[in-house]
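These protein sequences, in sequence, are chains A and D. With my numbering applied, the first sequence covers 1 to 346. With my numbering applied, the second sequence covers 1 to 144.
Since the hints were derived computationally from the structure, they do not count as laboratory data. In this text, all values refer to a predicted model and were calculated from it rather than measured experimentally. Treat each hint with caution, since some may be false.
[What the hints assert, rightly or not] Partial selection, computed: residues in chain D whose CB lies under 10 Å from chain A: (1) M44; (2) V58; (3) A60; (4) S102; (5) M109; (6) A138.
Glycine residues also receive a C-beta, built at the ideal position from the N, C-alpha and C atoms.
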Amino acid sequence: MSTLTSQSSMIDQRDAERRKHHAQRKAMLGTLASGMAHELRNILMPVLLRLDVLTASSDLPDSARHDLVGIRKSMRHLQHLAEGLRLLSPDAAIQPAERPVTSLPTWWADFRPVIADTLPPHAIVNGEFHSTLPLAAIPQSVLAQVVISLVMDALPAVTLIEIPCVEFRVTVNAEQLEVIVDKNFAVSEPGQGAVGAVPTTSVRGTTMRFGHFASRELLQQHGGDLRTETIDEGHDRVRICLRRLDSLQSAVPQRVRVCVQDPRVVAVVRLLMHQRGVTAIASGDNDPADLTICDSGTLKEVLLSKESVGDMQVVVLGTAPEGAMHDERVQWLDVNNVGALYALFT
Amino acid sequence: MPPVANDVSTTDSTHFCVMCIDDNTLLIDALERRLDLVPGFTGMLRVADFTRAVDEVVAARPTVVLLDVDLPGGVDAVGILDGIIERAPDSRVIMFTGHPSSALIARTMAGGAWGFVSKGTSPSRLIEAILRVVKGEAVIELED
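Build the full structure now, drawing on both the sequences and the hints.
Printed below as a string of structure tokens:
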């Protein structure tokens, strides 16, 4: 019994070490990818600017203009690739005080080139993400790391398949988005003593590779999950489950009026609201608002306005002056405190 | 390269000049060529020594300053922003970075920057951001 216990703890320890190395390798690759993205950006922007200058020229032959349009298209593709690579950086995750969101169509535009370029040239990557999808409550970088982990996991099998095909599609219900990844190959867990993955068309077991294990943990930290299933021989499916942002927002103000004088602060507040899917109401609009955000200069006007009735809540960006009368409707907030600003919408 | 003397008023709403505080000379040259197509653009100013960037802004009084957050040699771009706000408040600063974060956006915009643009944005939106800031609008442009 003690021998079995000893062997079991040795296996657990070895598994833990392999997971740790896997995570370290991913972090190193992410740092490399991020560095490459930075350099690509530094080159791409000047190229695109000069393309603008050339195409603005009125005495350009049509054939040359057509060529320049083609060059611009390639450069924009590279720009998306650079954005996708940036998502793999271990620093790309946003700070814990925030709950960032992902627009799947935007994420796909940036990350599809990275997926396609990671797989061999003969692999087919399909996917269609419509612009009307709800926002997912997960950082873009986390989703990117999950997907690239799955892709890298499958590489040993993919290189041996004549026409490997990976298809991404999305289903939506009231609570979640599912990114369904269908692939025409299966990867089985290496058996004891086996070296590397064994591509097979046989029915898969339920064990997870380390890439799947780490990806599932990452997703679960954000209320999601990862499930795999075998559809039939030679057809495997991975379901990446994501929480919908709007399903998390039942107690969050949805309609917010912004009455701030400084346009720079307005820009920040509107950005945060946009990231949270919150509707902005114009200050002259008579529609009721769940919350009004103002500054010390507009506070009096807000409190006296006809919209300031009942239990309307007001947040003032700034510091309460000494001796200011207490008003239960009013909360003062330092505009530099981003965590507190995000907390208004979570 | 020493900064070019700015002979045109920076407060003229129809004319504007831009100072770039960035180590990417390819970008600055290309941006100057592109802005040459915009009516009202009077010139591009460059900074030779980033440690003296605030002094050069004070001397030249550009309409817009495009300030790279990721300057080499550990130069503190947010410190430069604070210096410009204090000593040359009429020059409107646009922060330019490859690593946008909400904390940085809030800190710099609340600290007086008029714009925040990600290096992943398209050139047309970078130009549009500069023009909107010239007109007095605050702009945040992240990735497309």
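Hints versus structure:
1. M44: 12 Å, violated
2. V58: Violated. Min distance 21 Å.
3. A60: 22 Å, violated
4. S102: Holds - the Cβ of S102 of chain D comes within 10 Å of chain A, reaching about 5 Å at its closest.
5. M109: 5 Å, holds
6. A138: Holds, because the Cβ-Cβ distance from A138 of chain D to chain A comes to roughly 4 Å (cut-off 10 Å).
Of the hints listed earlier, those the structure fails to meet are numbers 1, 2, 3, in rising order.
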